[in-house]
Amino acid sequence: MNLTVITTDGSTAAPSAQDQTLMQKAQRLIEADPHFQALKSPVLSRAEVNAGVAATAPGYLYLRYDVPGAVPQELWAHWGKADHVAWKSGQVTVQQG
Amino acid sequence: MLSTVHHHQDLNVHCQTDGMRTLFTFLSLLLGSSVLAATNHDPVVPDSRLSPGDVLTSDTAVICVPGYTKTVRNVPQALKEQVYREYNITGRAPGEYEIDHIISLELGGSNSIRNLFPESYKSQPLNAHVKDTLENKLHDLACSGKITMQEAQQAIASNWTTAYVKYVGPLPGGAQPVQEVAGSTGQKRASGSSATAAVPVLPTTTSPSSAPPNADGSCPATALIKVSKAGIYHLPQGDGSYARTHAQSCFATPGAARAAGYRAPR
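Chains A and B, in that order, are what the protein sequence lines are.
Residue 2 in our numbering sits at position 2 of the first sequence; the count goes up by one each step and never skips.
To convert a position in the second sequence, counted from 1, into our numbering, add 1000.
You may find that some hints are simply not true.
[Stated by the list, open to error] Okay, the calculated bits of chain B under chain A, using three or more residues with CB under 8 Å as the criterion:
| # | stretch |
| --- | --- |
| 1 | 1053-1060 |
| 2 | 1112-1124 |
[To be verified] List of simulated lysine-lysine pairs, DSSO-like, C-alpha gap at most 27 Å:
| # | chain 1 | residue 1 | chain 2 | residue 2 |
| --- | --- | --- | --- | --- |
| 3 | B | K1137 | B | K1122 |
| 4 | B | K1137 | B | K1070 |
| 5 | B | K1080 | B | K1070 |
| 6 | A | K88 | B | K1146 |
| 7 | B | K1080 | B | K1122 |
| 8 | B | K1146 | A | K25 |
| 9 | A | K25 | A | K40 |
| 10 | B | K1122 | B | K1070 |
| 11 | B | K1137 | B | K1229 |
| 12 | B | K1070 | A | K88 |
| 13 | B | K1080 | A | K81 |
| 14 | A | K88 | A | K40 |
| 15 | B | K1070 | A | K40 |
| 16 | A | K25 | A | K81 |
| 17 | B | K1146 | B | K1166 |
Hints are computed from structural coordinates only; laboratory data are not their basis.
On a predicted model such as this, the values are computed, not experimentally measured, just so you know.
We treat Cβ as the ideally placed atom computed from N, Cα and C, and that holds for glycine.
Please work from the sequences and hints to get the whole structure.
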């Protein structure tokens, strides 16, 4: 899955190593969530960094999982104090450091 | 705008003399006019450079189920604020704008920033309420099988004011469809009878017939036809190879793909 950075003028850029790490850690947290595990064959289909949003703010990293025959799941990951998945809102906090 | 309101309140507390009240009135008019100027950039149609539109799903078996939109999550506030910044909307009154989905949720639109733009509730004659009418109409047409969901998605992503005329009827207030010029954020207006819509319509531009593919190999909603490495174009419907094709380029119509030298599957 390619991680894309969407810059504030709408163009795309390469992600940083920090962004790659955030995506990988967020994926691990999401995949460990029982709500996610109840989905049938989810596949990560989109990963986009919203460059204008702070890396510690909800909405920073957009992740989309396609689920055949069901509603695709959209989640957003950001850096924070502790690992946490808020499934209802789709916010994933990844512990910094 | 919120901070302006707070300034008014603070000033009001300290205005004890007629002279100060006069000064306050002057400042209020000054601040009010600056807010008006700040909101005089209502984007009627999105800037396709910032917000080309983005599809979450085109599966009518998913979208057309009552209550579908409630199963899609809400856009985080920090992301909404980013959209306002990108469109240079620095001040706004409560309830003045919404961050709208270009391809609405009820038409399978996504919550990606590519699918979001600020839309005024108050601009005249075209505003978020008018677009809502189109969204409902396209949903009904697509879910009743009169048009495909992809057609509905492409129509609303290409230019919702044009789609309104095609699928609903004449625009309110005698307005003409708005033509978007990429990169001209905040410079778009409809013509119509209202004084707030007096800015002339910009020259007509044709919709682009091709678009670069998304990073994941899919195509944007404005150009859904995928072209494979082998130079074969695949349509989103009735083509079993479409889903697994990693697009090298994307086109809006089969004719545009053929004109660019690509062929249909044999």
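Evaluated hints:
1. 1053-1060: holds (count 3)
2. 1112-1124: With 3 residues in contact (Cβ-Cβ under 8 Å with chain A), the coverage given for the stretch 1112-1124 of chain B holds.
3. B:K1137 - B:K1122: holds, 22 Å
4. B:K1137 - B:K1070: Status holds; Cα separation ~19 Å.
5. B:K1080 - B:K1070: holds, 19 Å
6. A:K88 - B:K1146: violated, 34 Å
7. B:K1080 - B:K1122: holds, 19 Å
8. B:K1146 - A:K25: Answer violated: K1146 of chain B to K25 of chain A is near 44 Å, above 27 Å.
9. A:K25 - A:K40: With a Cα-Cα distance of about 21 Å, the restraint between K25 of chain A and K40 of chain A holds, given a limit of 27 Å.
10. B:K1122 - B:K1070: holds, 26 Å
11. B:K1137 - B:K1229: violated, 38 Å
12. B:K1070 - A:K88: holds, 11 Å
13. B:K1080 - A:K81: holds, 23 Å
14. A:K88 - A:K40: holds, 18 Å
15. B:K1070 - A:K40: holds, 20 Å
16. A:K25 - A:K81: Satisfied, since the Cα-Cα distance of roughly 14 Å is no more than 27 Å.
17. B:K1146 - B:K1166: Within the cut-off at roughly 14 Å; holds.
Consistency note: the structure conflicts with the earlier hints numbered 6, 8 and 11.
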